[in-house]
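Colleague: Could you build the full structure based on these sequences and the hints that come with them?
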Amino acid sequence: MIEEQISKLGITENKEEKMIDELISYDEFMKTKLKVAEVLSAEKISKSKKLIKLKVMLDDGERQLVAGIAEHYNPEDLIGKKVVVVANLQPAKLMGEESHGMILAVEKEPGGLQVLLVNESVKNGTRVK
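In the numbering used here, the protein residues as written are 4 to 132.
Everything labelled a hint here was simulated from the structure, so no lab data went into it. Note that CB positions come from ideal geometry on N, CA and C, so glycine has one too.
Each computed BS3-like pair below joins lysine-lysine, with the alpha-carbon atoms no more than 25 Å apart:
id	residue 1	residue 2
1	K126	K85
2	K84	K126
3	K84	K36
4	K53	K96
5	K111	K52
6	K85	K111
7	K126	K58
8	K36	K96
9	K111	K36
10	K84	K53
11	K132	K85
12	K34	K126
13	K111	K53
14	K47	K84
15	K52	K96
16	K96	K50
17	K58	K34
What follows is a list of derived Cβ distance ranges for each label pair:
id	residue 1	residue 2	range
18	G114	Q67	22 to 30 Å
19	D63	G115	26 to 34 Å
20	V109	I82	17 to 25 Å
21	N77	S28	37 to 45 Å
Modeller: Right, dumping it as structure tokens:
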């Protein structure tokens with residue numbers, strides 16, 4: 004009876020089907036290039052309370068990223084740190100600044116972010132798999 008009523012609402016997808024639709028293949032995952040980068044410089048973007056502009060060094064050179072971590076980090080605390088970035092993300096413009104990648108962070112508590120850090124002995128550009 005419940006299924007009959009649900010079908011009248013036009014809801015045909017259950018939770019399990021939705022989860023399967025969200026799954027990606029190994030080949031799709033491998034298209035994402037997660038790499039280690041060293042933070043060379045970092046500064047808050049004056050027009051934003053959330054954004055920090057970072058210069059990072061990868062294996063193929065220096066690039067600029069913009070990250071929404073300013074409420075969680077002082078820019079100077081990030082300099083010299085090894086972080087994980089999405090290296091093959093399409094460039095985006097945030098608050099007038101070009102971003103050529105994305106720094107990865109985890110939510111350590113509701114509303115709190117922690118950047119993923121890597122041991123300093125790992126070479127810039129090392130692929131995360």
